[in-house]
Amino acid sequence: MAVNNRLRVLRAERSWSQAELAERLGVSRQTVNAVETGKYDPSLPLAFKIARLFEQQIEDVFHFDGVPDARKETP
Amino acid sequence: MTPGTVSNSKPERSSWSAFIVVPVIFVGAYFAARAGIKRVEPGSLAALGLALLPVPPFAWLIWCFVRGIRSMDELERRIQLEALALAFPIALLVTFTAGLLDLAGFHGEGNWDLPRLCPLLLLPYWIGLALARRRYS
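Those protein sequences? They're chains A and E, same order as listed.
Just so it is clear: in the first sequence, position 51 is 51 by our numbering, and no numbers are missing.
Just so it is clear: in the second sequence, position 7 is 7 by our numbering, and no numbers are missing.
Please note: incorrect hints may appear among the correct ones.
[Stated by the list, open to error] Now the in silico label distances, taken between C-beta atoms and shown as ranges:
{"no.": "1", "chain 1": "A", "residue 1": "Phe64", "chain 2": "E", "residue 2": "Arg70", "range": "29 to 37 Å"}
{"no.": "2", "chain 1": "A", "residue 1": "Val3", "chain 2": "E", "residue 2": "Arg134", "range": "19 to 27 Å"}
{"no.": "3", "chain 1": "A", "residue 1": "Glu13", "chain 2": "E", "residue 2": "Ser17", "range": "35 to 43 Å"}
{"no.": "4", "chain 1": "A", "residue 1": "Asp65", "chain 2": "E", "residue 2": "Ser137", "range": "21 to 29 Å"}
{"no.": "5", "chain 1": "A", "residue 1": "Gln56", "chain 2": "E", "residue 2": "Leu114", "range": "48 to 56 Å"}
Simulated from the structure, these hints should not be mistaken for lab results.
Note that beta-carbon positions come from the ideal geometry of N, C-alpha and C, so glycine has one too.
Please model the complete structure; the sequences and the hints are all you need to start from.
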């Protein structure tokens, strides 16, 4: 099970470089790259910060494989 | 907070010069202490002062390291943690083994003192750092 994310897509939509996104988030470019490639799962505060930056809900940016989305199953 | 402008204080970059200057001061104090101890009476107050001479520079070095860690972002901290998680037990193992070898009569030239042990203590940290950086790059 892993956490997948749409960070690369969201970043590309805004034509931001990894360095630019890193600057906006206050982290290193290596951190942005590691999150994008799924090698590193960000902390909850950083995940919220990312979601807020892209004006998204956190669950619209990050997806946890293996756990069904409760919202979609609710009739 | 305006979306798209998440503010965060940029991680304060620690002064890397401290990681050059302070170790040099520590090494200087260490070798000054070694040279001085040979010239004073063993067990004297002067010998005690000389033996403790490298402690303040090393404490300064630790403070610089901790300050450097605090200025890192969360991934860099994770990398440091993984490197130290490898290095610390190995450093303990090296220290214990050196002590046992000394007891067993394998003193070697100069005994198991810092210049001899230092590379063995630092090498696992550097290896751990390289492995962790590769894992997340």
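Now the hints, each set against the structure:
1. A:Phe64 - E:Arg70: 29 to 37 Å: 30 Å, holds
2. A:Val3 - E:Arg134: 19 to 27 Å: About 21 Å separates the Cβ atoms of valine 3 of chain A and arginine 134 of chain E, which means 19 to 27 Å holds.
3. A:Glu13 - E:Ser17: 35 to 43 Å: 41 Å, holds
4. A:Asp65 - E:Ser137: 21 to 29 Å: About 23 Å separates the Cβ atoms of aspartate 65 of chain A and serine 137 of chain E, which means 21 to 29 Å holds.
5. A:Gln56 - E:Leu114: 48 to 56 Å: 54 Å, holds
In the structure shown, no violation is registered for any of the earlier numbered hints.
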